[in-house]
Structures are given as C-alpha cells and as structure tokens.
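S.K.: Spelled out from the first residue to the last, the chains are:
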Amino acid sequence: MAEIRAIEIPKWGLTMEEGMLGSWHVAEGTSFTKGQALCTIESSKIANELEAPFDGFLRRQLAQPGDTYPVGALIAVSAEPAIPDAEVDAFIAARLGLPKQTADAPAPVAVAAAPAPAAPPPTMRPAAAPPAPAAPQPGELVVPQALAGASADDVRATPRAAAFAKLHAIDLGKVSGSGPAGRVSISDIEKAITAAGGQLAAKPEFARQQVRLRSQRDDADVAATPVARRLAAARGINLHDCRATGSHGRVCRADVEEAIRKLDAGQPAPAVQAAVAEVAQVNEATAQPLTPMRRTIAQRLQSSYQTSPHFRVNTEIQMDAALELRAQINATVPGVKISVNDLVVKAVGLALTRIPEVNVQFDEASKTVLQFADADVSVAVSLPEGLITPVVRAVNKRSLGQISAEISDLVTRAKAKTLTAEQFQGGTFTVSNLGMYGVTSFDAIINPPQAAILAVSAGVRRLVVDDEDQVDVHTIMEVSLASDHRVIDGALAARFVAELRSILESPAQMLV
Amino acid sequence: MTRTSVSSDAFDVVVIGAGPGGYVAAIRAAQYGLRTAIVERGELGGVCLNWGCIPTKALLHGADTAHAIADAGRYGFDVPAEVGFDMQQLVKFSRSVVSRLVSGVSALLTGNGVEVIRGSAVLSGKGELTVTADGQPIRELQADHIIVATGARPRVLPGITPDGDRIWTSTDALSPKKLPESLVIIGSGAIGIEFASLYGALGTEVTVLEALDRVLPAEDAAVSAAVVRQLRSRGIRCEAGVTVGTVTADSTGVSTTFTVAGGASETIRSEHLLVAAGVVPNTEGLGLAELGVGFERGFIAIDEWCRTGVVGLYAIGDVAGGPCLAHKASHEALICVDHIAGAPGVRQLDRWFVPRCTYSRPQIASIGRTEQQARALGRPIEVGVFDLAANGKALAQGEGIGFVKTIFDAESGELLGAHMVGPEVTELIEGFSIAHGLEATAESLAEIIFPHPSVSEAMHESVLAALGRAIHSMPTTAPTPSQTRTAQLV
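Chain order of the listed sequences is C and B.
Here the working numbering is used: the first residue of the first sequence is 27, the next is one more, and so on.
Here the working numbering is used: the first residue of the second sequence is 21, the next is one more, and so on.
Be aware that one or more of the hints could be misleading.
Simulated DEER-style distance windows between Cβ atoms [to be verified]: (1) Glu450(B) x Arg182(C): 28 to 38 Å; (2) Ala357(C) x Thr181(B): 33 to 43 Å; (3) Leu128(B) x Thr56(C): 40 to 50 Å; (4) Arg182(C) x Ile491(B): 36 to 46 Å; (5) Leu128(B) x Pro315(C): 25 to 35 Å; (6) Leu413(C) x Asp84(B): 55 to 65 Å; (7) Glu284(C) x Leu128(B): 24 to 34 Å; (8) Ala238(B) x Asp244(C): 27 to 37 Å.
Calculated from the structure, these hints are not laboratory results.
Built from N, CA and C at the ideal position, the CB exists for glycine as well.
Just need the whole structure built from these sequences, with the hints factored in.
M.R.: Put into structure tokens, the structure is as follows:
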C-alpha cells in the first residue's frame with residue numbers, strides 16, 4: 027500500500043469549527059489499524075477519540091497537543107516506511123501550500139518516536155507560493171496556481187469559504203461567487219478548483235460506532251403482542267430495542283425478529299452468543315462509553331489521586347449550637363432557609379481566612395503554592411450524569427443568608443445545565459457533603475489544583491462523655507479533611523479542623 | 021440535624037395550579053431537566069381552558085354564526101324569518117373543544133416528565149408542602165422552588181350572591197340550560213362585554229350596567245364610545261355611572277334596582293343576572309401569610325422575577341396581580357422559571373404591553389397606554405387614527421366599522437399605545453406588540469409593506485396618520501394644537 031494519506035481534524039456536529047488536539051495515542055513510526063484511537067480531539071462541546079479511518083503507518087505527527095486547528099486541517103500523515111521522506115515532505119508541502127522541497131536538499135531526518143519536526147501551524151500564511159504541481163496524491167486537495175494568492179479583505183464570502191481559502195491560500199478574488207451579491211461559497215471554490223485543473227480532497231470517512239447498545243430499562247410497559255413479548259423474553263431482547271410497527275403502535279413478532287437480527291449482527295462472535303444463550307441465567311451487560319463529563323472526572327481525579335500524596339485528618343463536631351442557630355434563623359427570617367451545608371461552607375470560609383496556609387492552590391509545573399486572600403469554596407453537586415463543583419466566591423466576606431441563596435442558585439443552575447465556566451472554575455477549597463444520604467463517615471479526593479477537601483457526613487444523635495465524665499446526648503457530625511502532603515502538613519491540617527470545629531461549636535462568630 | 025431520607029417526594033420545582041401559568045411553568049422547568057411536579061385540585065388547564073377564554077370563544081363563534089344568518093339578506097340569501105336555534109347544542113360544542121384541549125395539556129405535562137398530583141396544596145414550611153385529597157393528606161413534598169399559580173375567581177359583590185340559578189358568575193353563563201329571554205350584566209370589562217355581545221347576538225335582551233363613568237373603563241375613551249355605539253345599535257342597553265341598589269332573585273327571575281348618575285331610581289326585571297365585576301385572587305388556605313408572604317390589594321406581592329420574598333417561593337399569573345390574562349400568566353411562568361434556572365438574558369415583564377383582547381362584535385384589541393394615559397406622561401406625543409370605513413377589506417366583508425389608533429412618543433418615536441376596534445383585530449394587535457418589542461419607531465413602521473387588501477392596512481395608515489401623511493384620508497387643514505392628527509372619514 028504505497029500510499030500517502032492525510033489525517034485531518036474531523037467535523038463532529040454542525041457547529042464544530044475547530045478542534046484542539048488533546049494527546050496522541052499512536053506514536054510516530056508505528057502502524058495502526060482502522061478504528062484504532064489515533065488521538066484525542068476536543069471541540070468546544072465534546073472531547074472524543076479520533077478513530078483511524080483506515081489501516082496505516084503513522085509517519086508524521088504535524089499537530090501539537092494543546093494547539094487548536096480548524097476542521098479539515100492536516101494533523102498527521104500516514105505513509106508506509108518504504109515511501110521516501112522527500113515524497114512525504116512534498117505531500118505535506120502540497121497540503122499546506124508550502125514551497126516544494128528541492129530534490130537535492132537534505133531530507134529532514136525523521137527518527138521514529140522523536141518529536142515531530144517543527145510543524146507549521148495550519149494558520150501560518152504561506153508566502154504566496156505555488157503549490158507543488160508534481161505528483162498530487164489521489165484524494166488530496168490540489169489548488170491550481172491560477173487561484174493561488176491571498177484574498178483582499180472586501181471579497182464577499184461565507185465564513186466557511188473564507189476560512190477554507192485562507193487555509194489553502196486561495197485568492198477568493200479569482201473565484202466567482204454564486205450567492206447573493208456575488209458571495210463565494212465552498213461549492214464555488216470547489217467548482218473553481220476543478221475548472222482550473224485542480225483536484226478536490228476526498229471526503230473523510232469516519233467509522234461509525236459498530237456496537238449497538240442494548241436497553242436495560244424495564245420493558246413491561248411497552249405495548250407488544252403476546253407472541254412478541256414471549257419471543258423477546260426467550261431471546262433476551264428488550265422491547266425498548268424493537269421498532270413498533272404493529273397495529274396500534276405495538277411491537278409485533280417481526281419487530282422482535284428484526285431486533286434480534288440487528289443486535290446479533292453487532293455481536294463479535296455468534297458462536298459464543300449461542301453458547302451463552304444456553305446458560306439459564308444471562309447477566310446482560312451494556313457498553314456505556316464515558317460521557318465527556320465522566321471522562322473529565324475520571325481523568326482529573328485519577329491524576330489527583332496518583333500525583334498528590336493524600337492524608338486524612340478526621341474530627342467529630344458537636345452540632346447542637348449550630349442547629350439551634352439555624353432553627354432560629356429559619357423560624358424568623360422569611361427570605362432565608364439555611365441548610366447545615368450552608369453553615370459548614372460559611373464556617374470553612376472563616377477557617378480558611380484564619381488559617382490561610384490551607385487556602386491555597388498548588389501549581390505543579392512551577393512548584394509554587396498560591397495562597398489566596400479570599401476563600402472561594404467549591405461545593406460538590408451530584409447530578410445524574412456526574413459531579414460538578416460550582417464555586418461560592420469570597421465566602422469570608424458574605425453573610426450566611428447570601429451564601430445560602432447563592433448555593434441554592436448554583437445548585438439549580440447545575441441541574442439546569444446553565445452554569446457558566448466562571449461559576450465552576452477556580453476555587454481554593456472544596457466541601458463535599460453526603461450528610462443528606464445518611465452517610466456517617468467518608469473521605470474525599472482532592473480537586474486539583476486545590477490542596478485540600480472536606481468530606482462532611484450526617485449529624486447523628488450520640489451519647490457523649492464530657493470532661494467531667496458526664497454522659498449526654500449530642501448531635502455529632504464527622505468531618506474528614508483530605509490534604510495534599512506536598513503542601514499541607516499534618517499539624518496544619520489538624521489546626522484547620524480544630525478551628526472549623528470551634529467555629530461550628532460556637533456559631534455566633536459566623537454572624538459578625 | 022435529622023437524617024433526611026432522599027425520597028421520591030423531593031423535587032427541584034413544584035407548581036401549585038395547572039392553569040395557563042402553572043402548566044407552562046412546569047413544562048419549562050422540566051425542559052431544563054429539573055425534577056418537577058404540579059399540583060391541581062380541579063381540572064388541568066385552569067379557568068382559561070375550562071371556564072374562560074376557550075369555551076367563551078367557542079360560544080362566540082356561535083354568536084358570529086347567528087350574526088351571519090341575520091345579515092345574510094344583504095348578500096342575497098333568502099333566510100326564513102324564524103331560524104331554529106338550540107343553545108344546548110352550542111354549549112355541547114363549547115365543552116367538546118374544552119375537553120379536547122384539557123387532554124392535550126395532560127399529555128404535554130406527562131410527556132415532558134412532569135408529575136401531576138391531584139389534590140389541594142398547603143405550604144407547610146419553607147420549601148415544603150402537603151397535598152390533601154378529600155380532606156386527607158396524601159403527599160408531603162419538598163422542593164427548592166415552589167411556584168404559586170392558583171389564579172383567581174369571579175368577584176362577588178356584596179348583596180348579590182351568585183346562586184348558580186338566577187344570579188350567575190361567568191362560569192354559569194357558559195353553560196345555560198336554555199337561552200334566556202333577558203339578561204342584566206353588572207360590569208363592562210372584557211368579560212361583561214363578551215357576554216353582552218354573545219347573548220345579544222343570540223336574541224337575548226341584554227342590559228349592561230357599569231359603575232365607572234364609561235363602559236369598558238380600562239380601554240381608550242374612543243374605543244368605549246365606538247363599541248357602545250355598536251352595542252346600542254344592536255339593541256343592547258349600556259349604562260355607565262350606575263349605582264346598583266337591591267338585587268332580588270326569585271323562581272322566575274331577578275329584579276335589579278339601580279340609578280344612573282343624576283337620574284331616578286329604576287327597576288328592571290330579567291330572567292338572569294350576570295356578575296362580571298372582575299376577579300379576586302385565590303390566596304386562601306395556602307399557608308402564605310404564615311410563611312411571611314406579602315400582599316398588595318389582596319394579590320401576592322412579587323418582584324420582577326416573580327419572587328415573593330420568602331425563600332424559594334414564587335407567584336405567577338392572576339394570583340400575583342393584574343392584568344389577569346392567561347398570556348400574562350404564561351409569560352410570567354417563563355420569566356420565573358428561566359430566572360430560577362439561571363438562563364441568561366431574561367427580560368422582566370412590561371405590564372403595559374400585555375395585549376388586551378375582547379372578542380365581542382366588534383372586536384377590541386389594545387396594547388400600551390390609552391391616549392389619556394399617554395398624555396399624562398407629560399411628554400409630546402403623536403396620535404394617528406384611521407377609520408375602517410376607508411378600509412377596502414373591512415367594507416368588502418361587510419364590517420367597515422371600527423378604527424385603529426396609534427400613539428407615539430414624539431421625541432423617540434417609540435410606540436406608546438395602539439387601540440383597535442373592528443373585524444379580527446384580536447389577530448392583528450400582535451403586529452404592534454412585535455413592533456414595540458423590537459423598538460420600532462413610527463418611521464420604521466411606515467416603511468413596512470402591508471398586504472392589500474387587508475384590515476391590517478389600517479394599521480399602516482394609522483401610523484402614517486400619526487406622521488401626518490395618511491394616504492387614504494382627506495388632509496387636515498392644520499395640525500391641531502394637541503398634535504393629534506386624525507384621519508377619520510366622517
């Protein structure tokens with residue numbers, strides 16, 4: 027397969043205009059198979075893996091992780107090792123519209139697994155160079171010289187056409203537009219390229235997800251004929267997976283048979299499937315790819331747990347006085363409904379300003395600790411699809427009522443998915459509260475670049491022996507502070523939880 | 021701290037009342053993915069759908085048919101003098117329209133994942149309410165946000181107690197057992213005038229009694245005058261400045277004693293009496309005052325985002341103040357929920373620009389200020405009037421009666437008010453709503469092409485008249501001192 031092929035930024039969805047290269051999963055100088063994940067690409071909406079559209083050999087990585095490229099930009103080249111470097115360079119030059127490498131110039135030494143030769147970012151403007159006319163590869167865009175050049179500013183063109191022309195150094199003044207007022211569209215450019223003897227790029231093909239997912243929802247309510255229901259149960263088909271074509275919208279026998287055919291087609295080995303079917307109890311599993319949100323959680327928390335040395339300091343806090351204060355406020359102020367979590371967040375804000383060494387972020391790259399003046403407290407909110415931590419800013423400067431109203435607003439926004447980036451980014455400390463689930467003790471993983479997180483459990487009525495050996499019943503709430511030992515030592519963590527306890531046990535200080 | 025279990029009765033949003041405010045709020049909340057329930061003690065759709073806007077429009081369609089039959093001779097039809105009419109059949113049609121729409125609301129709510137809970141709600145604390153059915157508590161709900169959308173009911177006047185038989189509320193007037201011979205209506209707002217027009221067209225002898233100094237007191241004075249002229253020409257008696265004395269009902273009818281300002285006392289006998297003197301909010305039994313909710317003239321006091329001042333408690337629609345109109349309630353529902361959800365760019369309600377429509381014959385539609393209210397602003401204004409007697413389409417459909425009045429701020433060109441009387445003006449007023457919403461000036465409206473022939477051309481001519489350049493009217497010799505430029509053909 028002596029062929030040079032392009033790997034480009036794909037277009038995922040109508041609104042995607044550019045993508046950021048997350049990381050390469052296939053190293054230069056290694057082969058890959060169709061469907062293998064080549065790299066991670068993030069659009070403004072999603073982060074996803076770019077699957078190889080064909081079998082190949084990754085000859086060049088042109089895109090740098092962290093850089094952003096327009097849709098269709100060349101990010102890598104696939105070519106068998108047998109193809110000389112000069113040809114690969116010519117291919118890249120043709121794609122990027124760079125001057126063709128002269129034959130006698132020394133070819134850049136491409137060492138496998140070495141960093142890519144400084145690839146020009148695709149936004150770089152070529153110096154009005156003629157594209158290499160020689161040996162255009164099939165499926166590659168070849169811009170005829172007649173169209174080459176830079177466009178004047180006043181040429182009317184659709185945004186896509188303008189971006190395309192800029193990328194491929196096409197002078198739009200040389201393309202006749204068919205839109206209103208002579209506006210040039212992509213199809214006008216394509217026509218002009220073909221008319222002037224150029225060649226259009228082949229449309230990239232992307233492998234569709236092959237595995238069909240099976241529904242796990244209860245299908246008792248799905249309208250179905252008795253035969254269809256029995257057949258579906260016998261064959262392990264969920265009626266939700268059947269298209270209902272029967273009378274009155276019912277799933278009929280043919281629909282179940284169609285579902286069996288389709289679902290089985292997605293199974294790798296029918297023989298195995300048949301064998302499994304003979305087992306009386308089949309434990310059906312469905313493949314759920316991680317959502318972007320889960321991906322982020324997974325990546326961040328894994329990295330946090332692996333890189334920062336966690337240690338925990340736990341304490342029990344007597345909440346009787348705080349609960350009494352809360353009851354008093356709630357009974358007398360109509361505009362406020364203070365929750366236990368509101369009290370904890372306010373107390374944390376106060377403790378953070380009193381012990382500012384805990385109110386920090388750790389910049390791993392520069393080995394710097396950033397200590398903040400205000401306590402911006404992230405509050406963990408659980409959603410059906412994952413976890414998000416909106417930030418309550420400057421907790422130390424705001425009243426309990428303001429904090430309560432703000433948390434309530436942030437939680438609703440989190441559920442309605444209307445949080446803005448500023449509302450969940452940053453934060454100097456996190457509070458995670460599972461008290462409402464009746465959890466009596468747990469610990470949490472630090473939310474980097476923060477250096478500590480407080481896990482708050484439920485208050486429970488317990489017998490407590492005091493200093494005079496008197497036994498009394500108190501509401502006890504356990505908290506666990508997880509700290510990053512690179513930044514926070516044990517004694518500091520202990521001082522922090524002691525301060526927090528003293529604030530919550532003498533809560534009036536939160537009111538001034 | 022008590023351990024709270026995470027039960028299925030914890031919601032993000034609970035709405036009390038499933039009228040045009042409540043059900044819209046619930047659907048909007050569910051669209052955001054918020055866990056939402058709606059509590060309704062009566063029928064889904066509220067008064068609007070069941071006992072208001074919709075059934076009256078169905079009955080008025082019958083009245084239009086009666087008018088068409090009565091008028092048919094003008095167009096060459098030979099209609100017998102006595103045309104049979106069955107009131108029960110018309111009521112049946114009206115109810116069938118209602119039941120179709122009610123089932124639509126139910127499907128929309130469940131289709132959006134809103135839990136519909138049947139019963140009466142009482143707020144038991146901040147973010148908490150108890151639902152009772154048949155006097156028994158059936159559910160305890162918790163919600164971060166509770167929206168009160170309990171609406172309003174017809175006002176009862178002292179000494180005139182509706183009995184469902186002789187003395188009617190609007191609800192009774194929607195399903196009479198038979199067409200009454202005669203009807204006295206107390207109140208001449210939109211509801212009173214619609215029923216006057218409806219029963220008048222069907223052949224009932226109608227008398228309208230208004231306490232304030234003119235019929236349709238909320239409308240522009242020119243609107244009142246034009247409509248009264250029309251109603252009187254159809255044999256409907258309209259009296260303003262009326263003081264109602266005693267009302268006595270017996271088995272055969274009602275005797276109403278009243279005085280018109282400066283006149284002698286008079287007693288009229290009618291088969292029924294309809295009280296249409298506005299509405300009062302349904303605020304009782306909800307536990308509102310106990311939580312610290314404030315009130316303004318009986319309505320729940322709210323801020324621009326429909327918040328009551330009690331944490332997590334909101335009020336929308338009639339219960340939160342006028343104008344008591346379904347579309348105002350629906351719009352407040354969107355404002356309230358969008359604000360709760362933190363949607364960007366939510367705009368607060370401009371109460372002046374809630375469109376007001378009366379589906380009488382002739383129809384009435386208006387937005388913004390009356391001419392009198394606009395003058396009270398103390399700013400220079402420009403007023404244009406165009407009469408439908410010069411509108412080809414209105415004449416061609418035999419209804420060249422009515423006018424379009426527009427009022428602009430002379431300085432900014434902003435539309436301050438628009439008032440329309442005539443055929444299908446309730447469908448046309450939205451043109452002025454859009455113009456105001458997009459901040460059109462008189463000049464920019466003048467540039468718009470209106471189709472010919474259409475009644476909407478009168479909207480254009482009215483704007484041109486305000487600019488002093490109406491085409492289809494005789495020129496006025498000189499601008500009047502008040503800068504009113506009328507283009508009325510007299």
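S.K.: Please go over all the hints and tell whether each is borne out by the structure.
M.R.: Verification of the supplied hints:
1. Glu450(B) x Arg182(C): 28 to 38 Å: 36 Å, holds
2. Ala357(C) x Thr181(B): 33 to 43 Å: Cβ of alanine 357(C) to Cβ of threonine 181(B): about 41 Å, so the range 33 to 43 Å holds.
3. Leu128(B) x Thr56(C): 40 to 50 Å: 56 Å, violated
4. Arg182(C) x Ile491(B): 36 to 46 Å: 38 Å, holds
5. Leu128(B) x Pro315(C): 25 to 35 Å: This hint holds: roughly 33 Å between Cβ atoms.
6. Leu413(C) x Asp84(B): 55 to 65 Å: 60 Å, holds
7. Glu284(C) x Leu128(B): 24 to 34 Å: 32 Å, holds
8. Ala238(B) x Asp244(C): 27 to 37 Å: 55 Å, violated
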